[in-house]
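> Residue strings, one per chain:
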Amino acid sequence: MGRLRMLIDSLSHPRVTEKYPYEPIPIPEDFRGKPEIDPEKCIGCAACARVCPPNAITFRDDHEQGYRVLQVFLGRCIFCGRCQDSCPVGAIKLTKEFELVSLSKDDLYQVVKLELAKCVRCGKYTVPYRYIKYLMEKGPKILKYELLLCPECKSEVTTLIKYHYAQEVHE
Amino acid sequence: MQDIKRVIEENNGKIVVEHDYFLLVEVSREHVRKLARALFEAGAYYSTGVGSDERPKNGFFAMYHILNHEESKKYIVLKVETPEHDLRIPSITPEIEGANWAEREAHDVLGIVFEGHPEPERLILPDDWPEGVYPLRKDFKYNEKVKPVRKEEKFVEREDALVLPLGPFHPTLHEPEYFEIYVDGETIVGARYKGFFVHRGLEKLAEGRLTIHQIPFVAERICGICGYTHMICYCQAVENAIGLEVPERAEYIRTLLLEIERIHSHILWFGVVYHLLGFDTGFMHAWRIREKVMDSAEILTGNRKTYGMSLVGGVRRDIDEDKKEKTLKALREVSQEMKNLFDDVLAMKEILNRIEDVGILPKDRARSIGVVGPVARGSGINTDVRKDHPYAAYKYLDFKVPVYNGCDVLSRYLVRADEIFESIYLIEQVLDQMPGGDIMVERFEVPEFSVGVGATEAPRGEDVHFVITHRGSKVYRWRPRAPTYNNLPSVPVMLEGEHLADAPAIIGSIDPCFSCTDHVTIVDDSTGKILFRGSLEDAIRRLKR
Numbered sequence: 001m002g003r004l005r006m007l008i009d010s011l012s013h014p015r016v017t018e019k020y021p022y023e024p025i026p027i028p029e030d031f032r033g034k035p036e037i038d039p040e041k042c043i044g045c046a047a048c049a050r051v052c053p054p055n056a057i058t059f060r061d062d063h064e065q066g067y068r069v070l071q072v073f074l075g076r077c078i079f080c081g082r083c084q085d086s087c088p089v090g091a092i093k094l095t096k097e098f099e100l101v102s103l104s105k106d107d108l109y110q111v112v113k114l115e116l117a118k119c120v121r122c123g124k125y126t127v128p129y130r131y132i133k134y135l136m137e138k139g140p141k142i143l144k145y146e147l148l149l150c151p152e153c154k155s156e157v158t159t160l161i162k163y164h165y166a167q168e169v170h171e
Numbered sequence: 001m002q003d004i005k006r007v008i009e010e011n012n013g014k015i016v017v018e019h020d021y022f023l024l025v026e027v028s029r030e031h032v033r034k035l036a037r038a039l040f041e042a043g044a045y046y047s048t049g050v051g052s053d054e055r056p057k058n059g060f061f062a063m064y065h066i067l068n069h070e071e072s073k074k075y076i077v078l079k080v081e082t083p084e085h086d087l088r089i090p091s092i093t094p095e096i097e098g099a100n101w102a103e104r105e106a107h108d109v110l111g112i113v114f115e116g117h118p119e120p121e122r123l124i125l126p127d128d129w130p131e132g133v134y135p136l137r138k139d140f141k142y143n144e145k146v147k148p149v150r151k152e153e154k155f156v157e158r159e160d161a162l163v164l165p166l167g168p169f170h171p172t173l174h175e176p177e178y179f180e181i182y183v184d185g186e187t188i189v190g191a192r193y194k195g196f197f198v199h200r201g202l203e204k205l206a207e208g209r210l211t212i213h214q215i216p217f218v219a220e221r222i223c224g225i226c227g228y229t230h231m232i233c234y235c236q237a238v239e240n241a242i243g244l245e246v247p248e249r250a251e252y253i254r255t256l257l258l259e260i261e262r263i264h265s266h267i268l269w270f271g272v273v274y275h276l277l278g279f280d281t282g283f284m285h286a287w288r289i290r291e292k293v294m295d296s297a298e299i300l301t302g303n304r305k306t307y308g309m310s311l312v313g314g315v316r317r318d319i320d321e322d323k324k325e326k327t328l329k330a331l332r333e334v335s336q337e338m339k340n341l342f343d344d345v346l347a348m349k350e351i352l353n354r355i356e357d358v359g360i361l362p363k364d365r366a367r368s369i370g371v372v373g374p375v376a377r378g379s380g381i382n383t384d385v386r387k388d389h390p391y392a393a394y395k396y397l398d399f400k401v402p403v404y405n406g407c408d409v410l411s412r413y414l415v416r417a418d419e420i421f422e423s424i425y426l427i428e429q430v431l432d433q434m435p436g437g438d439i440m441v442e443r444f445e446v447p448e449f450s451v452g453v454g455a456t457e458a459p460r461g462e463d464v465h466f467v468i469t470h471r472g473s474k475v476y477r478w479r480p481r482a483p484t485y486n487n488l489p490s491v492p493v494m495l496e497g498e499h500l501a502d503a504p505a506i507i508g509s510i511d512p513c514f515s516c517t518d519h520v521t522i523v524d525d526s527t528g529k530i531l532f533r534g535s536l537e538d539a540i541r542r543l544k545r
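For the protein sequence lines, the chains are A and B, in the order given.
At position 13 of the first sequence the residue is numbered 13 (my numbering), and the sequence of numbers has no breaks.
At position 406 of the second sequence the residue is numbered 406 (my numbering), and the sequence of numbers has no breaks.
I should point out that these hints are in silico values taken from the structure, not numbers from a laboratory.
The beta-carbon is built from N, C-alpha and C at its ideal position, and this holds for glycine as well.
Careful: at least some of the hints might be erroneous.
[As the list claims (entries may be wrong)] Distance windows between CB atoms, simulated:
#1 K93/A / K363/B: 51 to 61 angstroms
#2 K145/B / P26/A: 40 to 50 angstroms
#3 E119/B / P88/A: 51 to 61 angstroms
#4 L74/A / G201/B: 16 to 26 angstroms
#5 L74/A / P126/B: 27 to 37 angstroms
#6 K96/A / S473/B: 30 to 40 angstroms
#7 K400/B / L4/A: 30 to 40 angstroms
#8 R150/B / Q71/A: 38 to 48 angstroms
#9 K138/B / H164/A: 43 to 53 angstroms
#10 K145/B / Y109/A: 20 to 30 angstroms
#11 M348/B / L74/A: 42 to 52 angstroms
#12 K138/A / S473/B: 17 to 27 angstroms
#13 K96/A / P362/B: 50 to 60 angstroms
Excised from the complex, chain A in its bound form:
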């Protein structure tokens, strides 16, 4: 009895194997595929690099030439989409693309190169221009001059200001 029903079951089902790659395969709407970074939008804050679990996104500051290089390496990507969640300007997005096979490893890299700003006090390179611009417009309400300084100068200047302020209050 079981055998007969199973035979009927087999005959009543058409072939279920998909014709892919000869025909396109349907992709669900929330599918998480290849991440793509928009170099025009990216402000170089490196939030994505900090949250990336497998270190697929990394950044490196070149203090000689004055560049920040942000690199996405698809070979390490696990398609979790944490970078997309963390990006403040929506520059990195997961696309629906999943056919990532390539003969060259270079195809798996995406690189964004951003110019670094100089500290207005000591002339050392600090963070990308775009990042400062973003913080000026959208960032938390802090003293704007702090954004233009490197960390060392910032702490020095803040101490100085506090010192002068304390003296003024004292007087």
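We have chain A; now place chain B onto it with these hints.
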């Protein structure tokens, strides 16, 4: 509840932390063995053990024995400390068999010596790892490399039986595991297991480099079939450690996905078992039906596997009405088709004969080894983390725990078959009752050195994660324990006295994430000549001829 506290206090244990989910008990080295014995007699069974190097904090090494006490709905964590200059702790393996592996592992990774351990051999580190290098000590860097030492391989020989090594490597789907089976003619007279060929060092990576929000994604990749349950288990351990309440809607979404995962995992297992029994028609049908479950997972989360849906504090994406409808429709079809398939298969006498009264695991042995999940429930033990230690939304839902008393492969088969329908019933309730509201708690403080235990009922059984938090959103110690860790030591018991031809179905019956087409070498014991090399299935066909 009061009883178990009395047992702890009478045996010189000091309750340090009393959480809804677990008790942290400090006990001195002299009293640990007696306390463990008393707890075992009070109905607790050994869940897992974790060694930890706490020298940066207080100069001590610690061993945490985690016992599951279902009656009081609590995990009991026994903490035994030992100073660095005297790294000795009495072994509790002579009292509870299940502690065997956990203690050997703690010795491998930290160098703690367990006095009186019956089998103090290396367990998880590879054979060529140098002696005296302990990778989970805090002074060992996570990216440090050690030089391997060459070692002669030991081959246990037996005079009375033929040695049949099963494993350890297969190039395709299966995980590397190694069983040495001793056969006398057709009958198995003994078996020895060796594993941990794919130890990935996740714990060290998590402690060394990752933050609390990155580990869920690593945890999800522990298993390729039931990864989401590890993700939830880790999140729950951290949530318990920091005392975080997850929004109710997030709990429901977690439950929904955990049950989807259970259904697909169980159907996958049926496919594998049919295949191991040589019944490939059933295998094809099971996996065809499973595809519908995979599609609903894809609709709900975006991907077939590795859903990536959870973080500590909730879930990342919401589920809308349209997705609910599609899931329900798919599951109704799955329910009907699986019912037909089960009816058809069990109507075939030749399938039934292969699994009935085969691979017996008696109830008392099952308890002392500490087997979990469908293996335990197939041996008449009523255990299920969802009922015993309710997590996520299970406390609001109604479901039954199937238990069979046959102790054989058929019982494990029937437990899983019933669970599929229970899971579908659970999902219907979840989709019906899901409340609105937030899905994520974004802001929380992480205290330093706070201990947390999380547990989920994975498709293969109880999954336990142990976490000690650290400052700067890090973990100090993270120890995941997958269910197969507890189930594998029971396989030699099941194999004894069975026919060789039944070995694949028996090993497969614990659902060990690998099936038995592993390569086999049959060696004649007296001459050492290789008689046959190929896959196990071929070997069995030859033996039958």
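> State, for the Cβ atoms of R150/B and Q71/A, whether the hinted interval 38 to 48 angstroms holds or is violated.
holds (39 angstroms)
> Between the beta carbons of K93/A and K363/B, is the distance compatible with 51 to 61 angstroms?
holds (55 angstroms)
> Falls inside 42 to 52 angstroms, the C-beta gap from M348/B to L74/A?
holds (48 angstroms)
> Taking the Cβ atom of K96/A and the Cβ atom of P362/B, is their distance within the range 50 to 60 angstroms?
For P362/B against K96/A, whose Cβ atoms are near 53 angstroms apart, the range 50 to 60 angstroms holds.
> Kindly confirm whether 20 to 30 angstroms is satisfied by the beta carbon distance between K145/B and Y109/A.
For K145/B and Y109/A the Cβ distance comes to about 26 angstroms; the hint holds.
> That 30 to 40 angstroms hint for K96/A and S473/B (C-beta), does it hold up?
holds (32 angstroms)
> Starting from the hint 51 to 61 angstroms, judge whether the C-beta atoms of E119/B and P88/A obey it.
Roughly 55 angstroms apart at Cβ, these two residues keep to the hinted range, so it holds.
> I want to verify a distance hint. Is the separation of the beta carbons of L74/A and G201/B within 16 to 26 angstroms?
For G201/B against L74/A, whose Cβ atoms are near 24 angstroms apart, the range 16 to 26 angstroms holds.
> Take a look at whether the Cβ-Cβ distance between K145/B and P26/A falls inside 40 to 50 angstroms.
holds (45 angstroms)
> Just tell me: holds or violated, for the beta carbon distance of K400/B and L4/A against 30 to 40 angstroms?
Given range 30 to 40 angstroms: holds, Cβ gap about 32 angstroms.
> Does the Cβ distance between L74/A and P126/B fall inside 27 to 37 angstroms?
holds (31 angstroms)
> K138/B and H164/A, beta-carbon distance inside 43 to 53 angstroms?
Holds - the Cβ-Cβ distance for K138/B and H164/A, about 46 angstroms, lies within 43 to 53 angstroms.
Hint compliance for this structure: no hint is broken.
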